[in-house]
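Here the protein sequences come in this chain order: A and B.
Read in order, the letters of the first sequence correspond to residues 1 to 575 in this note's numbering.
Read in order, the letters of the second sequence correspond to residues 1 to 575 in this note's numbering.
Treat the hints as calculated values from the structure; they're not laboratory data.
Among the hints, a few may not be true.
A pair counts as met if it fits within one copy or between any two copies, since identical chains are not told apart.
Cut-off 25 Å, straight-line C-alpha distance, at most; resulting in silico cross-link-like pairs (DMTMM-like, lysine to aspartate or glutamate) [said to hold, decoys possible]: (1) K131 x E110; (2) K564 x E176; (3) K322 x E519; (4) K467 x E500; (5) K215 x D510.
Number of protein chains: 2
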Amino acid sequence: MSHQETMTRYLLQFIQGLLASHVTSAVISPGSRSTPLALLLHREPAITTYIAVDERSAGFFALGLSKAQQKPVVLLCTSGTAAANYYPAICEAQESQLPLIVLTTDRPHELRQVGAPQAMDQLNLFQGHVKLFVEMALPEASPTMLNYAYWQGLRTVQRAAQVPAGPVHLNFPLREPLLPDLTLGATPIAKQIFQGEQRLSRSELTSLADAWSNKRGVLIVGGSQTTHEALNFIQLAETLGWPILSDPLANILTCGSQSSTIIASGDLLIQELPTDMQPEIILQFGLLPLSKNLMLWLSQLEPSQTERYFIDESGQWQDQLKQAQTIIQGSQQALIADLVSKTNIMPTDPAWLASWKVYEKLVQDILATDWQKGRLTEAQASLLVHQKMAPNGQLFVANSMPIRYLDRYMTPRHTPYQLYGNRGINGIDGVVSTALGMTAANPNCQNVLLVGDLTLYHDMNGLLQGKKYQLPLTIVLLNNNGGGIFSFLSQNQLEKQDFEPLFGTPLDLDFALVAQLYEGNHHLVKSLPQLSELLESPTEGLRILEVQTQRQDNVQELQALSRKIRRQFEAQDEA
Amino acid sequence: MSHQETMTRYLLQFIQGLLASHVTSAVISPGSRSTPLALLLHREPAITTYIAVDERSAGFFALGLSKAQQKPVVLLCTSGTAAANYYPAICEAQESQLPLIVLTTDRPHELRQVGAPQAMDQLNLFQGHVKLFVEMALPEASPTMLNYAYWQGLRTVQRAAQVPAGPVHLNFPLREPLLPDLTLGATPIAKQIFQGEQRLSRSELTSLADAWSNKRGVLIVGGSQTTHEALNFIQLAETLGWPILSDPLANILTCGSQSSTIIASGDLLIQELPTDMQPEIILQFGLLPLSKNLMLWLSQLEPSQTERYFIDESGQWQDQLKQAQTIIQGSQQALIADLVSKTNIMPTDPAWLASWKVYEKLVQDILATDWQKGRLTEAQASLLVHQKMAPNGQLFVANSMPIRYLDRYMTPRHTPYQLYGNRGINGIDGVVSTALGMTAANPNCQNVLLVGDLTLYHDMNGLLQGKKYQLPLTIVLLNNNGGGIFSFLSQNQLEKQDFEPLFGTPLDLDFALVAQLYEGNHHLVKSLPQLSELLESPTEGLRILEVQTQRQDNVQELQALSRKIRRQFEAQDEA
Numbered sequence: 001m002s003h004q005e006t007m008t009r010y011l012l013q014f015i016q017g018l019l020a021s022h023v024t025s026a027v028i029s030p031g032s033r034s035t036p037l038a039l040l041l042h043r044e045p046a047i048t049t050y051i052a053v054d055e056r057s058a059g060f061f062a063l064g065l066s067k068a069q070q071k072p073v074v075l076l077c078t079s080g081t082a083a084a085n086y087y088p089a090i091c092e093a094q095e096s097q098l099p100l101i102v103l104t105t106d107r108p109h110e111l112r113q114v115g116a117p118q119a120m121d122q123l124n125l126f127q128g129h130v131k132l133f134v135e136m137a138l139p140e141a142s143p144t145m146l147n148y149a150y151w152q153g154l155r156t157v158q159r160a161a162q163v164p165a166g167p168v169h170l171n172f173p174l175r176e177p178l179l180p181d182l183t184l185g186a187t188p189i190a191k192q193i194f195q196g197e198q199r200l201s202r203s204e205l206t207s208l209a210d211a212w213s214n215k216r217g218v219l220i221v222g223g224s225q226t227t228h229e230a231l232n233f234i235q236l237a238e239t240l241g242w243p244i245l246s247d248p249l250a251n252i253l254t255c256g257s258q259s260s261t262i263i264a265s266g267d268l269l270i271q272e273l274p275t276d277m278q279p280e281i282i283l284q285f286g287l288l289p290l291s292k293n294l295m296l297w298l299s300q301l302e303p304s305q306t307e308r309y310f311i312d313e314s315g316q317w318q319d320q321l322k323q324a325q326t327i328i329q330g331s332q333q334a335l336i337a338d339l340v341s342k343t344n345i346m347p348t349d350p351a352w353l354a355s356w357k358v359y360e361k362l363v364q365d366i367l368a369t370d371w372q373k374g375r376l377t378e379a380q381a382s383l384l385v386h387q388k389m390a391p392n393g394q395l396f397v398a399n400s401m402p403i404r405y406l407d408r409y410m411t412p413r414h415t416p417y418q419l420y421g422n423r424g425i426n427g428i429d430g431v432v433s434t435a436l437g438m439t440a441a442n443p444n445c446q447n448v449l450l451v452g453d454l455t456l457y458h459d460m461n462g463l464l465q466g467k468k469y470q471l472p473l474t475i476v477l478l479n480n481n482g483g484g485i486f487s488f489l490s491q492n493q494l495e496k497q498d499f500e501p502l503f504g505t506p507l508d509l510d511f512a513l514v515a516q517l518y519e520g521n522h523h524l525v526k527s528l529p530q531l532s533e534l535l536e537s538p539t540e541g542l543r544i545l546e547v548q549t550q551r552q553d554n555v556q557e558l559q560a561l562s563r564k565i566r567r568q569f570e571a572q573d574e575a
Numbered sequence: 001m002s003h004q005e006t007m008t009r010y011l012l013q014f015i016q017g018l019l020a021s022h023v024t025s026a027v028i029s030p031g032s033r034s035t036p037l038a039l040l041l042h043r044e045p046a047i048t049t050y051i052a053v054d055e056r057s058a059g060f061f062a063l064g065l066s067k068a069q070q071k072p073v074v075l076l077c078t079s080g081t082a083a084a085n086y087y088p089a090i091c092e093a094q095e096s097q098l099p100l101i102v103l104t105t106d107r108p109h110e111l112r113q114v115g116a117p118q119a120m121d122q123l124n125l126f127q128g129h130v131k132l133f134v135e136m137a138l139p140e141a142s143p144t145m146l147n148y149a150y151w152q153g154l155r156t157v158q159r160a161a162q163v164p165a166g167p168v169h170l171n172f173p174l175r176e177p178l179l180p181d182l183t184l185g186a187t188p189i190a191k192q193i194f195q196g197e198q199r200l201s202r203s204e205l206t207s208l209a210d211a212w213s214n215k216r217g218v219l220i221v222g223g224s225q226t227t228h229e230a231l232n233f234i235q236l237a238e239t240l241g242w243p244i245l246s247d248p249l250a251n252i253l254t255c256g257s258q259s260s261t262i263i264a265s266g267d268l269l270i271q272e273l274p275t276d277m278q279p280e281i282i283l284q285f286g287l288l289p290l291s292k293n294l295m296l297w298l299s300q301l302e303p304s305q306t307e308r309y310f311i312d313e314s315g316q317w318q319d320q321l322k323q324a325q326t327i328i329q330g331s332q333q334a335l336i337a338d339l340v341s342k343t344n345i346m347p348t349d350p351a352w353l354a355s356w357k358v359y360e361k362l363v364q365d366i367l368a369t370d371w372q373k374g375r376l377t378e379a380q381a382s383l384l385v386h387q388k389m390a391p392n393g394q395l396f397v398a399n400s401m402p403i404r405y406l407d408r409y410m411t412p413r414h415t416p417y418q419l420y421g422n423r424g425i426n427g428i429d430g431v432v433s434t435a436l437g438m439t440a441a442n443p444n445c446q447n448v449l450l451v452g453d454l455t456l457y458h459d460m461n462g463l464l465q466g467k468k469y470q471l472p473l474t475i476v477l478l479n480n481n482g483g484g485i486f487s488f489l490s491q492n493q494l495e496k497q498d499f500e501p502l503f504g505t506p507l508d509l510d511f512a513l514v515a516q517l518y519e520g521n522h523h524l525v526k527s528l529p530q531l532s533e534l535l536e537s538p539t540e541g542l543r544i545l546e547v548q549t550q551r552q553d554n555v556q557e558l559q560a561l562s563r564k565i566r567r568q569f570e571a572q573d574e575a
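Work out the full structure: start from the sequences and follow the hints.
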């Protein structure tokens, strides 16, 4: 058998394994060594391929596809630094538990460590940041090795998707010539996989139901959840009569429920609560929500008065405060379903939730007065995006300030949309590409990205995919010309000659030109009604709605708001 | 002692260590965890700091500084994916043997592996791609630990600079609050370092001189060399009467020498040489030059007729063809100096070099006819850049096609300039930033980047540094709208529907807008005289001189040229 036929049959069998594991998307960066895999993936009708020149953006684009499709996505690149550019997306995929199948191609063994061009050590390239690394064998076409190639395709995707999901890396040594035989086809192999779920026993469930019934508890929901999952958390909160405090990405506020259990203003009210509001139970699902105020409140609760339960679905012990007395390892959704259907769990006195709602209303009334002024602030623009999202749309929210605005100001809506973000490591990198990957996964709904200027700049290259694939994404840009978050932190105390170059970092970029470069539209938004109108109008491709603000204004607004809330709470407690 | 004072004294002492190792530049990316190190580096008058928002570009900017300053350069970023963005530059630094001091800041131990925000495992983050990884101790201010901090600063820079030079990584766990005490100063500590050099003994030198004297040899020079080093290689070639074939980055053709030993057209003539031109000795310094024709010629030489010597300065056995019979481990420059000054090395018959010059002239005459047509091709634009470089200027040449044009068409000049490239792994990433780092190191000479459109796009973010620091860089852009190199490779046989999306990858970007975005000038060059004039005119900041070409034209030109050369050589051999 010729070199070309051997190589082609081996790689086709590997791709059959990917298909058997339901891979449907691949993001390919051009290169020479990767030629046979690129061509065979591109020619496979069951796989949609996207081509991306910048591998860093390609990695995050795949991450966005994986997020919105809830499926493993393949990445492919050539040898050398190309692969190193995937590293940020791989780290984020690991921490946010998303399955990426990273395929790198490499020189064969005889051309390694000899200074051959475009070659470097690719073994274990991503260190502990992938779940699994496989150095593939050189192509062979014996029945054993064709079955091996198929088995690696099948099982590595399955391994990537297992809880906790994450990236896997396969390195393919390939010899020249690299052109495959495009007339050949693969041999089908049949395998079935049954996958169990981690559930508690009936007696464990009953003991938890007994411990939680008739107690004043608080439900904390962190991590990324779908709107469907969010509804189940709300059902549990309603069953228990408990308030629910959550991370924005838990989608509690965007799942279309207006349940009275939802506390929208947790970040603003939690530190002002009187001490008699200390709960008897804290039931935390997943990571801590992003609110620092909530984290501080939780860390200061008197341990003798509050029992803490931590649902550790991933089994990774990510109990940041390390104060949980009971750790429950198992599926979050299965636990909720089992508690509601298999136990006699009972709600607490409705007065408990009612008192939370009193404080919630105080904050909401203050905010309503602020919003009436109708000023185009970062906070109000962010809130408007939330309010204007079309039903079943997708909003990607950037890190740093945008997600904090949503956390602070969102209130429940009566129609759902899905909120996404990169909260594995909360980087400002790759956000544009992740949002475009999300858009590519579901191009027929409304797709919006809420983002600051530094974050947009960091992944500006990602916009090329928007142009190339005509992806309908509306970017709401909060442009405060620099790193807005540092004005909220202690760095703000520094003198201007230290603060501005190191933390303010103004870019002075004209984003109208950025839109033009990538063939998008640009609107400089001057008022809230204008923003509202633009958000309601349809878009066929890329669109940047730019809101220009001053960094220091945002800080002053929050300080004024916090003072007002404190005064109101003090007045309430005295009354 | 307060937390703030302890942290500040510890970090100041570390920075003292860097200073003692002659660090003078640091490239800092903004972030919170890195605040104390960023402020203390920024405040240190002996260190020039550059601030770069995109860590990937920052990494390559530091690489460019290190290349042109021939000094270790510090990189600093915050925790999380920020550090992962350095990976491509770190891999390139390792393979091109440049000293980078990578400082990452991290959560303290109690906030690791608990799902804390912006945290991931940073230990051994860059795996085998750094020479050394150090997890620093938490700040302490005992005399022992202040000496430890100083010692780590001093020795890690020294380790990075030792042959083979390369990147080192230090990870600093830091607790909040993060603001340092800017009123404190460091305590000086005195240490001296004597560093030896790897040299051969007198008897070893004599045996080599005896083996090489009066033999028909060829000197092969690969790797990156300074123009000063290049002159020494030429001196050796003249001493032996041998032709010298080299990589463009060896700077043999740009060092200002017009020695008759220099063979400029090696790539074009080597495969056409008659068999009686087989040398008795091949003496190879460093990596193989980039010419594939030269590599094939070397690999096909009859072993019984040619003795091969490989000077392995880095000790890494990077003898790609694995055919060297003698491996010499030691300093290249010391070996040359010792051979010339301490031995009685003798030249071969001048007829040997004269016959090489006959073939060289044949090629040069054909090229002269081609150049007379005065067409604005990629080849001729590249040659013009070489010819027009101001004395003692700096030219950075991108990978893929630009460096191949220089390799094929450059001829010796009578004034020197320094040529740089990223030939560790030959990536298309980070090239703009490396060229800007080179410019920042020596802003007062002429600085030029010769680059294709994909490579410019891949690191477009890097242009921000050009705008921010008003770096005077002229970018000569060979825009063939896609991946030009693939038209020269076997992929060119593919049908258009496979070739264009996977290999052609047109960007369809308007580079006039790119220039405008980064406040540079843009000129669409229409003729060689116009390009010549623009290259001669001074620039104060960023400038893009765009040459638009067709990918297929380049291939046809090279094919036509190769046919002409073959015919001429055949006629010569018959004559």
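(request) Pop the pair K131 and E110 into one bin, within, between, both or neither, using alpha-carbon distances up to 25 Å. (result) between (28 Å within a copy, 23 Å between copies)
(message) When Cα atoms must be at most 25 Å apart, do K564 and E176 count as within-copy, between-copy, both, or neither?
(response) Answer is neither: 71 Å inside a copy and 29 Å across each miss the 25 Å cutoff.
(message) Checking an output row: K215 and D510, CA cutoff 25 Å. Within, between, both or neither?
(response) neither (56 Å within a copy, 65 Å between copies)
(request) Using 25 Å as the alpha carbon limit, work out where K467 and E500 are close: within a copy, between copies, both or neither. (result) Intra 34 Å, inter 17 Å, cutoff 25 Å: inter-copy only.
(request) Have a look at K322 and E519 and pick one of within, between, both or neither, based on CA distance no larger than 25 Å. (result) neither (50 Å within a copy, 51 Å between copies)
In the structure shown, a violation is registered for the earlier hints numbered 2, 3 and 5, in ascending order.
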